[in-house]
Amino acid sequence: MPYWYWAVLGAVFAVIEVAVPAMVCIWLAAAALGVAAISWRYPGLAWEHQALIFAALAVASVALGRTAVGRPKTSESERRLNRRAESYVGRMFTLDGAIVDGRGRLRVDDTVWLVAGPDLPAGTRVRVTGTENTLLRVEPV
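Take the position in the sequence shown, starting the count at 1, then add 13; the result is the number in the working numbering.
Don't take every hint at face value.
[As the list claims (entries may be wrong)] Label-pair distances were calculated between CB atoms; the ranges are: (1) Ala81 - Arg104: 39 to 49 Å; (2) Gly83 - Arg138: 31 to 41 Å; (3) Thr80 - Arg54: 23 to 33 Å; (4) Val82 - Arg116: 41 to 51 Å; (5) Trp53 - Gly78: 21 to 31 Å.
It should be emphasised that the hints constitute simulated quantities derived from the structure, not laboratory data. Remember, it's a predicted structure, so these values are computed and weren't measured experimentally. Even glycine gets a Cβ: it sits at the ideal position worked out from N, Cα and C.
Let the sequences and hints guide you as you build the complete structure.
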């Protein structure tokens, strides 16, 4: 295969990476451009050998790229994004309504949460001890 096939394939992978950034296609583009350089230097190289070289370069470049770039670091606030209930663990609140048969409701800021805990009258101070999805586990203080 002529070297420019590989150059075009490398350019296509680069465009795909720009359109859909996943840090994979850029390494495939590098492998394709590497094969383009090799097939330019050795024009009689069979297409089977070119394909094997591309496969080896692709695996090596993706593996090397993954270790070099690594996973993006996420901050604590990003890990808790859309998991607001977990931020209430350890905090104390006053029950707006009674907990009856182990279930009740608690208003925190502008949200009413379903709570589980021992039966308690309204106005009792409680501490949030855990969460299960949108359910807050509470105990009296």
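Hints, one by one, checked against the model:
| no. | hint | in the structure |
| --- | --- | --- |
| 1 | Ala81 - Arg104: 39 to 49 Å | holds, 42 Å |
| 2 | Gly83 - Arg138: 31 to 41 Å | violated, 45 Å |
| 3 | Thr80 - Arg54: 23 to 33 Å | holds, 28 Å |
| 4 | Val82 - Arg116: 41 to 51 Å | holds, 48 Å |
| 5 | Trp53 - Gly78: 21 to 31 Å | holds, 23 Å |
The structure does not agree with numbered hint 2 stated previously, though it agrees with all others.
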